[in-house]
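Residue numbers (the working numbering), protein chains in the order written: chain R, 1441 to 1792; chain W, 9 to 685.
In short, the hints are calculated from the structure, not lab data. There may be inaccurate statements among the hints.
[To be verified] Simulated crosslink set (DSSO-like; lysine-lysine; CA at most 30 Å straight-line): (1) W:K403 x W:K291; (2) W:K502 x W:K271; (3) R:K1717 x R:K1735; (4) W:K502 x R:K1735; (5) R:K1735 x W:K588; (6) R:K1717 x W:K291; (7) W:K639 x W:K588; (8) W:K271 x R:K1717; (9) W:K639 x W:K652; (10) W:K639 x W:K502; (11) W:K291 x W:K271; (12) W:K403 x R:K1735.
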Amino acid sequence: MKRIPSLRSDRARRRGGRPRPSLARLVAGPAVAVRYPGYADPGDERRTATFLTGSLLLHAAAVAALFVIASLAPEIEDRILHLQILSQAPPPPPPVVPEPLPIAAPEPPPPPVVRVARPIPPPPIAVPQPVARPLPPPPVVALEPLPQIDRIAKREAPRPLERAEAPRRTDPAAPHLAPPPLAIDRVTVASPDAPRLPAAHRAASPPDPIRAPRPVRDVAPAPAPVVAVPAAPAPPRAAAQRPSLTPPRQPRIERSRPSDTRPDLHGVALGSLAPCKSDARELDLKQRTVATAGKLPLCESPAGRFHFVETKNVNAFLMRIEQAAGRRSGDRCSELILALDCLTDSSRRSRR
Amino acid sequence: MRALLALPLLWVASLPAAAAESPWSGYLDYAYVYSSAEPEALRARLAQYGGEAGIRLEDYVSVALGSGAADAASDPDAVVRRAAIARLLLYLASGDSEQLDRSVDAVEDLSGRLDRNENRYWYHYILAHRALERGQRFDFVGELLELWLHVIVPLETPYDTLETLSLSESPHSGFVAALPYLYESLARLILIRSQQMGVHNGLDPLAALVRLLADGRVGAHPDVIPAELSSRAYLERIVTRLDGTESDAGSLSFTLALFEASKYHDAARALLAERGLDAETVKALRVASGAYEAALDQAVTLQGKAAVYTRVLSQLGEVYAAKQRLGVDPDIESRFSIEGAIEVYGNLKESEGDLAAQGYPSRDVYVAAMQRLWEEIQETSLNAADFYLTRALQKPHLADDHARSAARIHARYLSFFQRFATGDGRETVPDSAYFAAYEAARGYGDSLQSYAGGSLSRAEMEQSTHRYVAALRLFPFDRQLWPALTASLERLGKENDYLDLARPVAEAVTTSRAVDGWIQNAEPGADPIAAIRRALSDSQVLVYLGFAEEETVEELENSLAELRARRDEAESQLVALTAKRESLGRRGAAPPAAPDPSVREAAARAVDAVEVEALDARIGDARTSLVRLEKQIAARTTALPLFKATLGTESLADELRARRDHPVHTLLRRMFYEGRP
């Protein structure tokens, strides 16, 4: 059977080890003191006398203190109300009506004395001097006046035109076995002018038909297809398994041309070209083109004809390009730069 | 006949032999290079390889990669993997979902052997394609995250090591060397393929992968994948938008949706430039508008909504301008309106205290987005009003309605301007907003005064007059606006009020420190501004500005000689009268009240006095006339050149209209707040 420890035992256990003073030790105190040399016990009688004397003195002092306090207490004046007990007079004889005695009214209490701090009178108000009233604001016609002027950030001058960023080579020393490709959107084919690569590298060259994303094409004639060369080789695995690179050459597509255009030009809308790398850059170039073109509908240069279809503002800007034959179609930024160059040259010529 | 029957048998019998020695196995092992190509390019690629191998892929996968092929092969994993890849390629080239199902069936046989990176890559890649095909966006995201964690990440360190040692092209580098292609394929799968397959929602968890791919991974190996063939530029545009003003708190789904919508917009814009508003263009515009609606539905924060409105307002402006230019008015319904954009702007303004909750990472991004939205609102408003005014001219019987429509659009912009440009937090108002407010104020007056016909109420006439004055306060350098004000006052019969209205405007210009500093520093446009300021500093030129026409300047100059002749004539007349007056001698005493008729001398003296009085009156008239002529000559010799100098300053307004970033916009902003309490 398991023994349940009692609370008492716990307490006792908790007490264990802690030294506590014993009553016997206190009683034995004087006996202990006797053991010291030079110490004499004063005796019980003297202690009793001392105790009695001290008690008397203490009580006397307390009574004296009470008297002193009582003498200092304020006198309480009893307010005595003088009441007059009315006694009913004996009934008068019937023919004479006795006059009623006047009833004494109670004495009203004295009015309380209230000390009210008088307000300090304010200093005399100086007579305001006449001041010049501000002129009324100018008549507000449509716009409310404003309290302040905003700090205007100084606009930055247009930055010089960016060039396309060269891709970072991870290893500059690595041999570049294939010439750079000429286009993105076409199936990669070997360039006839490209030197034939060594068999190992040629076999290892991966087919690369990966298309870069382009915007949705419109029906406008697109630039002539260009031939792309294969990308750099991938690591070969086995010579027998390497794909050879002889994909079919893309046929050149004949495109319809507007009747009012030169035969060596082909048209394309700016919106159908690949977007710029940066939206902000494209917006900036459009802004500059709108500002430079003004009401000029057309600008012609060796790069082609630039039709400024709508130049009211950037919001509605539309442009169409008739690119010169043999010129690669760039993205929107490159075409806008060409248009700006054309406009600048045109304005220079007109100044001369 | 037998020979003819034997030929197909021989061809069928030769297939296994061709398959056994086919280079297709190599092509399929390298399929990570070209598997992300567009279907058309992929079909051409597979046809080319089929020609080289002497057997089409469809036949090869049936003959050489059948169910029993793996059992007989020394490397059964490779056979199973190639079968799965081949089926995937056929699916990607043709869109046949049955091929995808068979690819999944094949690749699931590898589920127990995913410790090999190549197996695991194709396993997740194929399952991701199946998730796209079924529209299971969560599965798609899950497969790609698995692919990244268990294939890409383990390959990165070995690839870096091999690349550092120039061994990444070593024949023994194995699947590690495929890493740049894996990056490329993954980026295309997330950014392009998912959108083509219509998975527009739930892609936000992949935003982290997109950022990682853009961070020195895609396009970072030009020796392996040339930059021209890489999707790096596309990826960078997406990441830029994720972090830029046209984001929705970094949501990839929204960014891709808006990017797709802008592609449709570009297509419609190209058609608009080439064909005008024909049926195909209208259809493309509707498609683009629908795409923008889809993007708006994707937007969770106000930042996303503002980004959509910023783009779609441009489309609205293009359509209004095209309608005006081409004189047509096709019905192009759209959910979007200028009012909606203003509402979004207002909501954003009210939420300015907690920009992070609205998706903006910083106040600079917020301010740039708000200014861009404002600019689109103002230009779309002006384009729309121009269209209605053009319609008013084209259809005189509807001129009243169209002119009032234009006036309402202008009034709406002015209300928008007054609400936000005159309150606190004006930094979200672009500099060009003040000139646009001038155009709207003047456009309001012009709409009613010049286009609405003669049915204006007096209140409308007074309102348009007030708008003209407001326009002059905003842009006092429009010389043609001053006579418009006098014409408006004339219709009200209040021509006398012209100087009362014009003088405060002129004084604001002549006392402006901003204008003075602009001229002193020879800032852009300082010359025409100085010419106008000089003109406004002379009250006579102010009157010329209000009442003189440009055509009358020459006439006024010609009349100067005539005035001088008249002055000479008046002078000579005055001299003659004065001489005659002198000949009559000194004027005597006043005649008596009752002259004595008997005294002749007194009577004669009374007659002389009357003549002298008449002479004095004529001399006075001649002197007055001479003074008036002197004044006229002085006015024309001093004020006319000042007025003439203001001619030709109209180009400043054209420049400001064409350029949002013209420096004079800054001056107008300063002038607007100058001197106001």
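Do the hints match the structure? See the list:
1. W:K403 x W:K291: With Cα atoms ~27 Å apart, W:K403 and W:K291 stay inside 30 Å; holds.
2. W:K502 x W:K271: 55 Å, violated
3. R:K1717 x R:K1735: The hint holds at about 28 Å.
4. W:K502 x R:K1735: 38 Å, violated
5. R:K1735 x W:K588: With Cα atoms ~68 Å apart, R:K1735 and W:K588 exceed 30 Å; violated.
6. R:K1717 x W:K291: With Cα atoms ~28 Å apart, R:K1717 and W:K291 stay inside 30 Å; holds.
7. W:K639 x W:K588: 27 Å, holds
8. W:K271 x R:K1717: 14 Å, holds
9. W:K639 x W:K652: 19 Å, holds
10. W:K639 x W:K502: Roughly 26 Å between the alpha carbons, so the hint for W:K639 and W:K502 holds.
11. W:K291 x W:K271: Since the Cα atoms of W:K291 and W:K271 sit roughly 14 Å apart, the hinted pair holds (cutoff 30 Å).
12. W:K403 x R:K1735: It holds: about 25 Å lies between the C-alpha atoms, which stays within 30 Å.
Hint violations for this structure: numbers 2, 4 and 5, all remaining hints satisfied.
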